[in-house]
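Q: Given next are the chains, with one letter for each unit.
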Amino acid sequence: MLSLGGGGAKSSKPSFVSYITPEEIKSEKEPPKKERHPNLLPGEVVFCSADPILKHTQDDVSQRGIFGTLLCTNFRVSFVSDETPLEETGSNLGDLISLQMLFCFVVYDEKRKMITGGMLKNKYPSKMIIHCKDLRVFQFCLTFTKEEDARKIFHGIAHHCLEPKSLKCVFAFSYAVSRSPEMQRSQRTVMFDSKEDWAQEMKRTKGNCRIVTENEGFKLSTRLPKYFIIPSSVTDEDLFKFQGKGLPIWCWSHHSGCALFKASTLPVPQEDGVIQRYMERMLDAAAQTHLYSLKIEDLSETLPTVQDIQQSYAKFKQFFLIDNSTDFWVSDVKWFSSVENTGWMDIIRKCLQKAVEVVECLEKENTNILIMEEEGTDLCCVISSLVQIMLDPHYRTLTGFQGLVQKEWVAGCHAFLDRCNHLCQKDKESPSPIFLLFLECVWQLVQQHSPAFQFSETYLTVLSDSVHVPVFSTFLFNSAYQRESTLKAESQHPQRGPLNCPAVWDWSVQFDCKAQELFLNPLYADKLKQDKVLRKVPRPKHQRQLSLPSSAFKTPPKKGFFKDETESLKKMLRVKRISRWMASPDSPAANTREFYEAWQRRPLDHHGLLLPWLDGPAVRLWMQRYLRWIPEVQILGGGPVAVTNKMAELLVQVQELRKKLDLKGCWQPEAERVQLQPRPLALARNSLRLSSAFPFASSRNWTFKPVIPTSLLQSLMLTDKLASQEDETTEVISLV
Amino acid sequence: TRSESSRTYMGCGGTGDESCKSVFFSLSYFSPTSSHVEWCKQLIAATISSQISGCAPPEVITRECKVNQQRVIPLDEVPLVPGETIKSTAKDVMYICPFTGAVTGTLTVTDYKLFFVSLEREPPFILDVNLGAISRLETISVQSHGENQRGMEIVCKDMRSPRFAYKKEEQSNLEIVETLSKQAFPLSNELPLFAFQYKEEYPVDGWKVYDPVAEYKRQGLPNESWTISKINSNYEVCDTYPALLVIPTSIKEDELRRVASFRAKHRIPVLSWIHPETQATIVRCSQPLVGPSDRRCKEDERYLQTIMDANAQSHKLTIFDARQGSVADTNKAKDGGYENESFYHHVELNFLEIPNIHVMRESLRKLKEVVYPTIDELRWHSAIDATHWLEYIRLLLAGAVRVADKVESSKSSLVVHCSDGWDRTAQLTSLAMLMLDSYYRTLRGFQVLLEKEWISFGHKFASRVGHGDENHANSERSPLFVQFIDCVWQMMRQFPSAFEFNELFLITILDHLYSCLFGTFLYNSEQERNEKEVQSKTVSLWSYVNSQPEDFTNPFYVDYENQVLYPLASLRHLELWVGYYVRWNPRMRPQMPVHQNLKELLFLRAELQKKVEELQREASSSRSISSSSEHASSPSHGGTPLHSTV
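From first to last, the protein sequence lines stand for chains A and B.
Each residue of the first sequence is one higher than the last, beginning at 1 in the UniProt record's numbering.
Each residue of the second sequence is one higher than the last, beginning at 1 in the UniProt record's numbering.
Chain A extracted, bound-state conformation:
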């Protein structure tokens, strides 16, 4: 999908837009060169290469392939086709796989073996299957290559992609050293690495705490940011007492004055009561000396553990790493149950639910909230960022969101290096897709409340991929301390300051302007437009409740008969299953229900509070991220891109009409107020040629041949066969 900007003078940046039409590619690509390597990035070195290698084109039923050269560099595994790029879409030339691959399978005599470090047999592998972290699957046939070359490339890939390595070897450093320094730092994103950024943030939210500067040299703690904010009444003595553990770190202030704090937990209390007293003082401070009541949420008690999350995702992603049609249709049969059984969707729901509970405390009860967790840098980050997105429209803009990720995650010391396992460590405990989980939750909000977000789902998908592109410093470190010390140590000219690694927010490193436009949501209701909607159009009554008009949602009065009587009724009748008909008030869902309903009754406001829907059908699968590479599920001419296209088309038309009016000099000030963002969307006009996987995968040869399930019959009748097939796959997994 993405290719990084070509090295040095070459300015053409292949990006996902190049999949729009082959014609466009023709104009963009230079005449085919005979040299067999991709345009290397600054600092990129080819380790080994082999040819001819046959790459199976997955999107072709006939299992044809393309011959070319397979290379392994310190940055990626790359396949360069022998064929001229003119006759095919860009998917072969410059197809690059970031070194962050998941697994590598090798096929010996039709049998699959998963390769983990050091498990190589000396036998000659016939086929290599690569599963990437962004869920792409590649198959390379090695039988046409000289045996030695095949073994070399295969060992090279396995060694560089799957073996543990040291942080120094990460490509980002050699890239940062060699690249031309003219690229500037991303402009508008607040990085939260200076005192001013934090002061500004506190001012924006009208917070009333103090900025701690004592950690500038990381003397207080290496697990805390350089600057952070704590309640004013914490004494300097307490500040240093437990290396920052248990300190209520300020996240965000609500307009009512109450605030959200996060903290890491302290060791088990000793008998002398020192810790208890310290903790009491901390809680007191967080309550702003009894100005507000304080609620404490221990996330480790109510949410799944980091390991649970990892295990669930490991199961979940298996359903998307599909390399042949048969597996696809077999797994289609019990699709919903299979996805449910991984528990991934439920984890998403639980996180959103928890965030709603916190939001309720802030918004409705106006209490201060302290969320706690062992380190305070995993689920604390998820929940606090979600809460802020739901409450603060600033974080629903593109730059605001990037600032939030900087604030809560990067400056907030989420252990990206360990959680993303950038160094391929064999440690089973630490890797966990916590940040991805957060993006999943945000995606749920985006799909439920699309007009409230300035960024698109494509942006989220790209961001989730970028975590594994080892070029940016953003997701590379465990803490602010590690970032600073490493960048300092790696610097070639220590006197000129630390190494300048680009941040992921500098999107021009990855994408050209045209592609970056896809990050914006054309359905976003700008503030200006929103005002107009509110003024002119009454809130659209909603269409489905034929017999339950909005009045029906009103909760019964407090003294209403069911609310009060249910308890006694329960005792009297032992009615347990009545809850199916009437949610009993003591269930957790019922607690937030009233809050929900009150919110529902308010007029629609995309710039106000947002709550996610959490009932069964409302939490969905992030189709774009998970299904984009699977050719079987690409809807040609369909998918959400069709809607986006229509919207973009309309925007252009409106702008053209405006221009016309402008030329005639009768621009009316009244109309100016509803001016839309001048946003020339660069989508291809002909949405028919786009598939639902746009802008990621290229479509199946532009033919309109339908996909017909191959195993309709078997799926319904021959369950035995199905069962046996499933057994086979588990066998493969067990080889890990």
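Keep in mind the hints are simulated off the structure, nothing from the lab.
All residues carry an ideal CB built from backbone N, CA and C; glycine is no exception.
Don't take every hint at face value.
Claimed, not checked - Derived lysine to aspartate or glutamate pairs resembling DMTMM-like cross-links, with alpha carbons at most 25 Å apart:
1) B:LYS411 / B:GLU348
2) B:LYS610 / A:ASP662
3) A:LYS664 / B:GLU170
4) B:LYS611 / A:GLU656
5) B:LYS366 / B:ASP376
6) B:LYS87 / B:GLU178
7) B:LYS332 / B:GLU301
8) B:LYS537 / B:GLU301
9) A:LYS660 / B:GLU614
10) A:LYS664 / B:GLU614
11) B:LYS368 / A:ASP346
12) A:LYS659 / B:GLU190
13) A:LYS315 / B:ASP376
14) A:LYS350 / B:ASP376
15) B:LYS366 / B:GLU575
16) A:LYS664 / B:GLU618
17) A:LYS317 / B:GLU377
18) A:LYS317 / B:GLU575
19) B:LYS217 / B:ASP405
20) A:LYS660 / B:GLU607
21) A:LYS315 / A:ASP615
22) B:LYS316 / B:GLU299
23) A:LYS659 / A:GLU517
24) B:LYS368 / A:ASP615
25) B:LYS332 / B:ASP420
26) B:LYS611 / A:GLU649
27) B:LYS611 / A:ASP662
28) B:LYS168 / B:GLU138
29) A:LYS660 / B:GLU618
Claimed, not checked - Below, a sample of chain A positions facing chain B; criterion: calculated Cβ distance under 8 Å:
30) SER337
31) GLY616
32) PRO640
33) ALA642
34) LYS646
35) LYS660
36) VAL707
As the list claims (entries may be wrong) - Quick list of simulated restraints, FRET-style, between CB atoms:
37) B:GLU178 / A:ASN366: 50 to 60 Å
38) A:HIS159 / B:LEU378: 42 to 52 Å
39) A:THR326 / B:ASP335: 38 to 48 Å
40) A:SER293 / B:GLU122: 27 to 37 Å
Starting from the known structure of chain A, arrange chain B on it as the hints suggest.
A: Just chain B now, kept in the frame of chain A:
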């Protein structure tokens, strides 16, 4: 009252605690489903609590008085459609709302609907159920604290089951139940269907939407190989087919009659759709009466040969038998069967393996259990899986894709049939036509498609839906049309800008499939509809729809002209139609309307366009800009809205 007492699950004696026990006992005897136990408990719970809280609290009364003084039109007045009359009213009835708790109010039964209004809440709580949507009525009675309490459950065809509680002693309550059971099932009680009393007048006549000759002409028919035949004008050849049929030109009348006697219910192969370029055709019929002895019919064999020959592009004919192969074999043993490939030359037979109407009915029943009244969040997906509903949707879509692909890619003509050719056949041909022909994806075209493939070709709407009939257990009932509309919705989701109509249009169709307000879906065949003079005595649903088309238009619509759409028949892309099946649950309220944003923009564009045009006219320029203002503000139609409002 006989029917009512038979539906009463128990007459409960004793008082106090005893009654509870006997409730459980007798219910477990009479009704095997646990939901009845719950229902009983609920009823008791509701009545007990009403006794505890005593008579109506004074504040409620005062508020009601206030309302009385202020209002000009009483809030609890029942809005009536023209021709509707109130039949019975009962006060102090309690509606046990599964979402917001019990609420007491007035229940009214008219000849068209059941209307419950409670002024206890602000704004007033209203429940409105078309009588046509009612599948069955159940009453139970319990005695608690010395009072006879009765409960009434109204099991509906549209995925809900409202429950009411009322006191047994009051005469008006008994009356209303009796009236309801009569009015809800007019045909069982020798009453007319409400469609014949509905007196609304619309500016557009929906009965003119479908003109078979015009539709066939649009398809390029008749041509040299196909003719529009009047042989069935008196419904003599086949009483479930329309009067006009498209058959091969070269077929003689006596041959045709012999073919008819060889096909189940005389449903001969007739043309449904012809490809404008390749002349490949979709032909529909019923199963051949082959029987266990492998009977042959030379005329039938020649007939299919003629169909194949009418298409010069291909020398093959494909037959899609929608049934499961094993079921087709069973049918063969019972005098039905399927074409033998060795007798029919160049014919290829495929089974699409779609289960029968009973399986579908059971699947939807299970689905209702999953979605109403409450949802189990944790097990939502596996519960949906267990109903198999989406799996059958997938099967149908996959079958239709195969049909469409055969015509489009292989350019070969094909024949679709199941057993009688009025259920699965209609589903498959109409879905394939929707994929192949962009005309059917317009608001008007879809109406034509339904009128043609479903209504005129004798899908047995009366039997499948059971309009006005109290026999809810009739095995003829099955939600095949609902399933088809669901498939259309799935296609709409996959191609959000390919359809001119919107989701509300589909929901409106399904609501009036049951409502009996319009004549469109009444009766089993064209012949029957003519006998009952449906066109002159009732209003068409399309009159209503086409009087306010903007409500039913998809703002994202882009004409995918001449574009074949293949939906993906993968469960990964199928989804439960929450907006229809779970719409009664207020927590399933749809997301904020994205459409609103777009409608704004469309409006803005239209305004700007108008301005530009005005200026151009002023400048008396000869050039004129095409004005395709999509936002036409047409006068909204008066009267009560018959669909859920946007």
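Q: For every hint, state whether the structure bears it out.
A: Going down the list of hints, with the structure as the test:
Under the criterion of a C-alpha separation no larger than 25 Å, the hint pairing LYS411 of chain B with GLU348 of chain B is consistent with the structure, at around 14 Å. A C-alpha spacing of about 14 Å is found between LYS610 of chain B and ASP662 of chain A, which places the hinted pair at or below 25 Å, so the restraint holds. Taking the CA atoms of LYS664 of chain A and GLU170 of chain B, the gap is near 76 Å; set against the 25 Å cutoff, the hint is violated. Distance check on the hinted pair: LYS611 of chain B and GLU656 of chain A sit about 13 Å apart at the alpha-carbon level, within 25 Å; holds.
Of the pairs offered as hints, the one joining LYS366 of chain B and ASP376 of chain B holds, with about 14 Å between alpha carbons and a cut-off of 25 Å not exceeded. Pair hint LYS87 of chain B plus GLU178 of chain B holds up; C-alpha atoms about 11 Å apart against a cutoff of 25 Å. Under the criterion of a C-alpha separation no larger than 25 Å, the hint pairing LYS332 of chain B with GLU301 of chain B is consistent with the structure, at around 18 Å. Simply put, LYS537 of chain B and GLU301 of chain B have alpha-carbon atoms about 43 Å apart, too far for the 25 Å limit, and the pair is violated.
Note on LYS660 of chain A and GLU614 of chain B: the hinted pairing holds, with a Cα-Cα distance of about 12 Å set against a maximum of 25 Å. For the proposed pair LYS664 of chain A and GLU614 of chain B, the alpha carbon gap of about 12 Å is at most 25 Å, so the pair holds. This hinted pair checks out: LYS368 of chain B and ASP346 of chain A have alpha carbons roughly 23 Å apart, not beyond 25 Å. For the proposed pair LYS659 of chain A and GLU190 of chain B, the alpha carbon gap of about 68 Å is over 25 Å, so the pair is violated.
For the given pair, LYS315 of chain A sits about 23 Å from ASP376 of chain B by alpha-carbon distance, which is consistent with the 25 Å threshold. Distance check on the hinted pair: LYS350 of chain A and ASP376 of chain B sit about 14 Å apart at the alpha-carbon level, within 25 Å; holds. Among the hinted pairs, LYS366 of chain B with GLU575 of chain B is consistent with the structure: their alpha-carbon atoms are about 16 Å apart, no more than 25 Å. Straight-line distance between C-alpha atoms of LYS664 of chain A and GLU618 of chain B comes to about 12 Å, which keeps the hinted pair within the 25 Å bound.
Proximity of LYS317 of chain A to GLU377 of chain B is assessed by CA-CA distance (about 22 Å); at most 25 Å being required, the pair is judged to hold. A distance of roughly 20 Å separates the Cα atoms of LYS317 of chain A and GLU575 of chain B; the hinted pair therefore holds under the 25 Å criterion. Straight-line distance between C-alpha atoms of LYS217 of chain B and ASP405 of chain B comes to about 24 Å, which keeps the hinted pair within the 25 Å bound. Distance restraint check for LYS660 of chain A and GLU607 of chain B: the Cα-Cα separation of roughly 13 Å lies within the 25 Å cut-off, and the hinted pair is therefore satisfied.
Using a Cα cut-off of 25 Å, the hinted pair LYS315 of chain A and ASP615 of chain A holds, with the two alpha carbons roughly 23 Å apart. With a C-alpha separation of about 18 Å, the suggested pair LYS316 of chain B and GLU299 of chain B falls inside the 25 Å cut-off, and the hint holds. Pair hint LYS659 of chain A plus GLU517 of chain A holds up; C-alpha atoms about 22 Å apart against a cutoff of 25 Å. A distance of roughly 16 Å separates the Cα atoms of LYS368 of chain B and ASP615 of chain A; the hinted pair therefore holds under the 25 Å criterion.
Restraint check: the Cα-Cα separation between LYS332 of chain B and ASP420 of chain B comes to about 13 Å, which is no more than 25 Å; the hinted pair holds. Between the alpha carbons of LYS611 of chain B and GLU649 of chain A the distance comes to roughly 20 Å, so the proposed pair stays at or under 25 Å and holds. As the CA atoms of LYS611 of chain B and ASP662 of chain A are separated by approximately 11 Å, the hinted pair is consistent with the 25 Å bound. For the hint pairing LYS168 of chain B with GLU138 of chain B, the CA-to-CA distance comes to about 15 Å; that is within 25 Å, so the pair holds.
For the hint linking LYS660 of chain A to GLU618 of chain B, the alpha-carbon distance of about 14 Å falls within 25 Å, and the restraint holds. Checking SER337 of chain A against chain B: minimum C-beta separation of about 4 Å stays under 8 Å; hint holds. Hint on GLY616 of chain A holds. Least Cβ distance to chain B is approximately 3 Å, under the 8 Å limit. Against a cut-off of 8 Å between C-beta atoms, the interface hint on PRO640 of chain A holds, since the closest Cβ of chain B lies about 7 Å away.
Taking 8 Å as the C-beta cut-off, the interface hint given for ALA642 of chain A holds, the closest approach to chain B being about 4 Å. For LYS646 of chain A, the interface hint holds, the least distance from its beta-carbon to any beta-carbon of chain B being 5 Å, beneath 8 Å. Annotation: LYS660 of chain A was flagged as interfacial toward chain B, and the flag holds, the nearest CB pair being 5 Å apart, inside 8 Å. Residue-level restraint check for VAL707 of chain A holds (minimum Cβ-Cβ distance to chain B is 6 Å; threshold 8 Å).
With their beta carbons about 55 Å apart, GLU178 of chain B and ASN366 of chain A fall inside the hinted range of 50 to 60 Å. Range check, HIS159 of chain A to LEU378 of chain B: about 44 Å between beta-carbon atoms, so the 42 to 52 Å window is met. For THR326 of chain A paired with ASP335 of chain B, a C-beta distance near 40 Å keeps the hint of 38 to 48 Å intact. One distance hint, 27 to 37 Å for the beta-carbon pair SER293 of chain A and GLU122 of chain B, holds here, with the actual separation near 31 Å.
Against the hints set out earlier in the document, violations occur for numbers 3, 8 and 12.
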